[in-house]
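**Q** Now for the letters of each chain:
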Amino acid sequence: MSERAQRLLQIADDELVLGWRDSEWTGIAPFLEEDVAFSSIAQNEIGHARALYELAARDLDMTADELAFDRPPEEYRCAPFVELRLMDWADTIARRVLYEAADAIRLEVLKSDPDPELAGLAAKMDREEVYHRLHAQMWADRLRDEPRFRTSVNALWGQALGVLDAELAAVLAERAPEQLGWTPATAAPAARNGHSEGFRELWDEMTMVRRSIPGASW
Amino acid sequence: MIYEVFRQERKGQAFQHAGSITAPNDAFAEAYAREQYGRRQESEALWLVPRTALREVSDFPDELQKSYHRVDGYSLKAKLKEARERAGTAAPADR
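Quick note, the sequences are listed as chains A and B, same order.
Going by my numbering, the first sequence opens with residue 12, and the numbers climb by one from there.
Going by my numbering, the second sequence opens with residue 7, and the numbers climb by one from there.
Since the hints were made in silico from the structure, they are not lab data.
Hints are supplied without guarantee of correctness; some may be wrong.
Distance condition first, Cα-Cα at most 20 Å in a straight line; then the derived SDA-like pairs of lysine to any residue [as the list claims (entries may be wrong)]:
1. A:Lys135 to B:Gln47
2. A:Lys135 to B:Lys17
3. B:Lys17 to B:Gly44
4. A:Lys135 to B:His75
5. A:Lys135 to B:Arg40
6. B:Lys17 to B:Arg57
7. A:Lys135 to B:Arg46
8. B:Lys17 to B:Asp68
Examples of chain B residues lying across from chain A (beta carbon under 8 Å, computed) [to be verified]:
9. Phe21
10. Ala24
11. Gly25
12. Ala29
13. Pro30
14. Arg40
15. Glu41
16. Gln42
17. Arg45
18. Gln47
19. Tyr80
20. Leu82
No residue lacks a Cβ here, since even glycine has one placed at the ideal position from N, Cα and C.
If we strip away everything but chain A, and leave its shape as in the complex, we get:
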């Protein structure tokens, strides 16, 4: 697999799986307005995954759907951070805030990639991410002094650092305190290899309909 396809799949899998996890809040978020906003952001992430898969699919002579749903679970390259099934709103919002911070750094690098297709797609995604970042920032500001939020951020910090490679993780560690208004407790970055315990179950559910009639055209 080309280096470009590998890079694309890593980001696409992050976006798909986080979009999936965040969609689990549809209908049960703490209040109606946030429910609509949060679901919409989750859908956007899945839209970004689709665009990334489409580009990778061209390189691999496959389709975006095949990449998203027909690979065995061990071939997904997402970070364990996005796989976590978070049942607590403080954890969920902490993950959104940290993921957006990490994703922003990753997109910045991608936007200046010499490959015009990569850079162009990154620029498109980034325009939508501006709004995601506003949403994340307003929650970070609002919950800044809430002990539950701080506990969640601290618990997830190492996982968030693991979304990026070592060089970019250092940038995240430098920027996050500014965005949060406080510094999370030092944690070792969680490596992006292997999957968390709940991933198999997520994969089962996510691919269930597609697997029910293999090869069907939907």
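With chain A's structure known, arrange chain B on it following the hints.
**A** Chain B only, in chain A's frame:
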């Protein structure tokens, strides 16, 4: 806090009341209004007004039935027709 949302569908059109949203502050209100009234490209612009900033006026007493304040009974249509006939101009076509 409750915000009333007014929506402009196309440039130049009047803003119309679209609904209301609950949000803890202006920043959240903007985010939620965007999602509920703008994410499908259905709005050109939005106005967000805290409900507390609205002054409602609703009491219009007319104890003595001063019907001469009202315009019902005064047929503008007939007057216009007469005026057009005098001026020899046609009514504008239906838009």
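**Q** Determine for every hint whether it applies to the structure shown.
**A** We went through each hint and held it up to the structure:
no.	hint	result
1	A:Lys135 to B:Gln47	holds, 17 Å
2	A:Lys135 to B:Lys17	violated, 25 Å
3	B:Lys17 to B:Gly44	holds, 14 Å
4	A:Lys135 to B:His75	violated, 59 Å
5	A:Lys135 to B:Arg40	holds, 19 Å
6	B:Lys17 to B:Arg57	violated, 25 Å
7	A:Lys135 to B:Arg46	holds, 17 Å
8	B:Lys17 to B:Asp68	violated, 39 Å
9	Phe21	violated, 20 Å
10	Ala24	violated, 14 Å
11	Gly25	violated, 11 Å
12	Ala29	holds, 6 Å
13	Pro30	holds, 7 Å
14	Arg40	holds, 7 Å
15	Glu41	holds, 4 Å
16	Gln42	holds, 6 Å
17	Arg45	holds, 6 Å
18	Gln47	violated, 13 Å
19	Tyr80	violated, 47 Å
20	Leu82	violated, 45 Å
Of the numbered hints listed earlier, those contradicted by the structure are 2, 4, 6, 8, 9, 10, 11, 18, 19, 20.
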